[in-house]
Amino acid sequence: MRELDHLRRAANVKVMIFDVDGVLTDGSLTYNADGEITKTFFVLDGLGIQLLNKTGVKTAIISARQSPIVVKRAADLGITHVYQGIHDKRIAFKSLLEETGVSADQCGYIGDDVIDLPLLLQVGFAVAVPSGHAEVQHRAHYVTRANGGRGAVREVCDMLMRAQGTYEQALAPYFA
Numbered sequence: 001m002r003e004l005d006h007l008r009r010a011a012n013v014k015v016m017i018f019d020v021d022g023v024l025t026d027g028s029l030t031y032n033a034d035g036e037i038t039k040t041f042f043v044l045d046g047l048g049i050q051l052l053n054k055t056g057v058k059t060a061i062i063s064a065r066q067s068p069i070v071v072k073r074a075a076d077l078g079i080t081h082v083y084q085g086i087h088d089k090r091i092a093f094k095s096l097l098e099e100t101g102v103s104a105d106q107c108g109y110i111g112d113d114v115i116d117l118p119l120l121l122q123v124g125f126a127v128a129v130p131s132g133h134a135e136v137q138h139r140a141h142y143v144t145r146a147n148g149g150r151g152a153v154r155e156v157c158d159m160l161m162r163a164q165g166t167y168e169q170a171l172a173p174y175f176a
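When we follow full-length UniProt numbering, the leftmost residue of the sequence shown carries the number 1, and every step to the right adds one.
Rather than coming from a laboratory, the hints here were simulated on the basis of the structure.
Now the in silico label distances, taken between C-beta atoms and shown as ranges:
1. Val143 / Pro118: 10 to 20 Å
2. Asn32 / Leu171: 32 to 42 Å
3. Ala33 / Thr55: 40 to 50 Å
Once the Cα atoms are required to be at most 25 Å apart in a straight line, the calculated DSS-like pairs of lysine-lysine come out as:
4. Lys54 / Lys72
5. Lys72 / Lys94
6. Lys54 / Lys14
7. Lys39 / Lys72
8. Lys72 / Lys14
9. Lys14 / Lys94
Virtual Cβ for every residue (Gly too), placed ideally from N, Cα, C.
Taking the hints into account, I'd like the entire structure generated from these sequences.
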């Protein structure tokens, strides 16, 4: 029953929102000699986001941390809605809903820590990663098999496309 519920919820998603640290990355923060933070992104996750964008599902990032690396990665992937440096993620979420004209139940969100709970409790499809905080996993509609920064985002993108019947069409150019 729970599996059918998360697939039903995934089928309704019009905007998929991603946290960064612990979701788009593995959560590690590496400081270089100048004190700047570097992040590592997983290439399979990136292609999943690009494919999802092509199906008409909008994508967004909401992150409490501010990073020019995230702006660059979002631009590379075609993520047009990027909110950073906002610790109360509800503020960014409200702006996103106004900009896109969708309702909270038409959004999905994937997070890993308690700072993500306010959004996870509002969206129609709440996702956590297996390395995420227990409170987050407990309240998610789905917990990915893959870890953050190691395929969790691709798993969710593929699930959304399958649930919405767009997976085969999204992959068709690669079979030609």
